[in-house]
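Take the given structure of chain A and dock chain B to it, following the hints.
Residues per chain, in single letters:
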Amino acid sequence: MTDEGIKNGSEDMVFNTGAALLDAVVLAVVSKEMEGTYGYRITQDVRGVIDISESTLYPVLRRLLKDECLEVYDQAIDGRNRRYYKITEKGRVQLKLYCSEWGNYSCKISRIFEEAMI
Amino acid sequence: MSRDEFMRELEYLLQDIPDEDKADAIAYYRDYLEEAGPENEESAIREFGSPERVAAIIRADLSGNLEQGGEFTDHGYEDERFKEPNYQLTPRLDLPEEPAGEAGGDSQKAKGYGRGRGGSYGSRSGRYGEAEEKEKGRVRRRWEWWQILLLCLAVPFLLPLVLGVGGGALGLAFGVGSGAIGILTALLTVLLCLAIALPAATFGILLAGVILIIFGITRLTVLVQGILYIGTGVGLFGLGFLGLSLCGLYYGRFLPWLVTSAVNFFSRLIHRRRVTE
Numbered sequence: 027m028t029d030e031g032i033k034n035g036s037e038d039m040v041f042n043t044g045a046a047l048l049d050a051v052v053l054a055v056v057s058k059e060m061e062g063t064y065g066y067r068i069t070q071d072v073r074g075v076i077d078i079s080e081s082t083l084y085p086v087l088r089r090l091l092k093d094e095c096l097e098v099y100d101q102a103i104d105g106r107n108r109r110y111y112k113i114t115e116k117g118r119v120q121l122k123l124y125c126s127e128w129g130n131y132s133c134k135i136s137r138i139f140e141e142a143m144i
Numbered sequence: 368m369s370r371d372e373f374m375r376e377l378e379y380l381l382q383d384i385p386d387e388d389k390a391d392a393i394a395y396y397r398d399y400l401e402e403a404g405p406e407n408e409e410s411a412i413r414e415f416g417s418p419e420r421v422a423a424i425i426r427a428d429l430s431g432n433l434e435q436g437g438e439f440t441d442h443g444y445e446d447e448r449f450k451e452p453n454y455q456l457t458p459r460l461d462l463p464e465e466p467a468g469e470a471g472g473d474s475q476k477a478k479g480y481g482r483g484r485g486g487s488y489g490s491r492s493g494r495y496g497e498a499e500e501k502e503k504g505r506v507r508r509r510w511e512w513w514q515i516l517l518l519c520l521a522v523p524f525l526l527p528l529v530l531g532v533g534g535g536a537l538g539l540a541f542g543v544g545s546g547a548i549g550i551l552t553a554l555l556t557v558l559l560c561l562a563i564a565l566p567a568a569t570f571g572i573l574l575a576g577v578i579l580i581i582f583g584i585t586r587l588t589v590l591v592q593g594i595l596y597i598g599t600g601v602g603l604f605g606l607g608f609l610g611l612s613l614c615g616l617y618y619g620r621f622l623p624w625l626v627t628s629a630v631n632f633f634s635r636l637i638h639r640r641r642v643t644e
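Line by line, the protein sequences are chains A and B.
If you count by the numbering used here, then the first sequence holds residues 27 to 144, one letter each, in order.
If you count by the numbering used here, then the second sequence holds residues 368 to 644, one letter each, in order.
Bound-form chain A, shown alone (with noise of 0.2 Å):
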């Protein structure tokens, strides 16, 4: 998701495609630790939402990093680097607009379901 998406984000389709709706998860799963997280944690928790391969995060966390929504920083964990991935202020912003999207999107599918005559 890049700016144009930020800025013109409520009067789209945002989760049209499903990369924007794992971008979203991966944003959220980060957010919640304030000193970050790494790759293999990451990968364990969004495995306890959706149905992921375990090969799958590693270019939605590339790309992350590279629209500023992410940041890294090494740490030196049992005599080894571990790298971990922390959410940006740009990041917020991006997670605060799926947020809200995926609000209006999961209350009209919730009434539409309602309304359905089963």
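Please note that a few of the clues may not be correct.
Calculated lysine to any residue pairs in the SDA-like style (CA-CA distance at most 25 Å, straight line) [stated by the list, open to error]:
{"id": "1", "chain 1": "B", "residue 1": "Lys389", "chain 2": "A", "residue 2": "Ile138"}
{"id": "2", "chain 1": "A", "residue 1": "Lys92", "chain 2": "A", "residue 2": "Gly62"}
{"id": "3", "chain 1": "A", "residue 1": "Lys116", "chain 2": "B", "residue 2": "Tyr395"}
{"id": "4", "chain 1": "B", "residue 1": "Lys389", "chain 2": "A", "residue 2": "Ile144"}
Listing some non-contacts, in silico: residues in chain A with all C-beta distances to chain B over 10 Å [to be verified]:
{"id": "5", "residue": "Thr69"}
{"id": "6", "residue": "Lys112"}
{"id": "7", "residue": "Glu127"}
{"id": "8", "residue": "Lys134"}
{"id": "9", "residue": "Glu141"}
{"id": "10", "residue": "Ile144"}
These are computed hints drawn from the structure, not numbers from a lab.
A virtual CB, placed ideally from N, CA and C, is assigned to each residue, including glycine.
Just chain B now, with coordinates in the frame of chain A:
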């Protein structure tokens, strides 16, 4: 497959991507398996699929066509393109585009599923190559064997003719002037001359052949002379048929082609804007 094996394979498969991206990807997957720990390592590697698949995902991401691919289904998020075993591969960055003809010949490669270790992965160009090959084959098939044979036989006869006509055309072109109109006029003149001269010469030769054969038969009393005449006549008759097939080509193929290409050319000039849209 052990972790070391997997990483070695992955590293090997990513040789062609920029160093920084490669180091990044390798570090991520190494860390990932490290974090998974010995107890989860095996299942993680199994779920990665194969080093080839992981390399394909990394490469697709680098070339920027991963954004639109994934899809949520009722059993989670997946990208059709990377489902085993038929995930498509992004072409390696360091390899030049395969020559179209060669790629087209290998259907396995052309489908883009080539999973050969470090081999050249077929890309979209492969499919184009196939189409091109088909096109070529279609054109080639138009030439029947007897036409080719006739052409080969005709070369010694035609060479002087072609040279003469070509020389004439050149001379004419220079004579009329070096301007474009001059050349065009000359070409038109040559075309017109050919249009008249070709059938005329053909029928002349045919006629001469028939006459010589008849003449030869009447002279059969002097056997050698008669046979000589008949032989020459038959030869001329054959030459006449060659001329006929040339006429057929000229009128049936060349002139229509010339007219349609000229029409296309001018209409493209006029409707240039519409074409570029």
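Outcome of the hint check:
| no. | hint | result |
| --- | --- | --- |
| 1 | B/Lys389 / A/Ile138 | violated (47 Å) |
| 2 | A/Lys92 / A/Gly62 | holds (17 Å) |
| 3 | A/Lys116 / B/Tyr395 | holds (23 Å) |
| 4 | B/Lys389 / A/Ile144 | violated (53 Å) |
| 5 | Thr69 | violated (7 Å) |
| 6 | Lys112 | holds (16 Å) |
| 7 | Glu127 | holds (15 Å) |
| 8 | Lys134 | holds (17 Å) |
| 9 | Glu141 | holds (22 Å) |
| 10 | Ile144 | holds (18 Å) |
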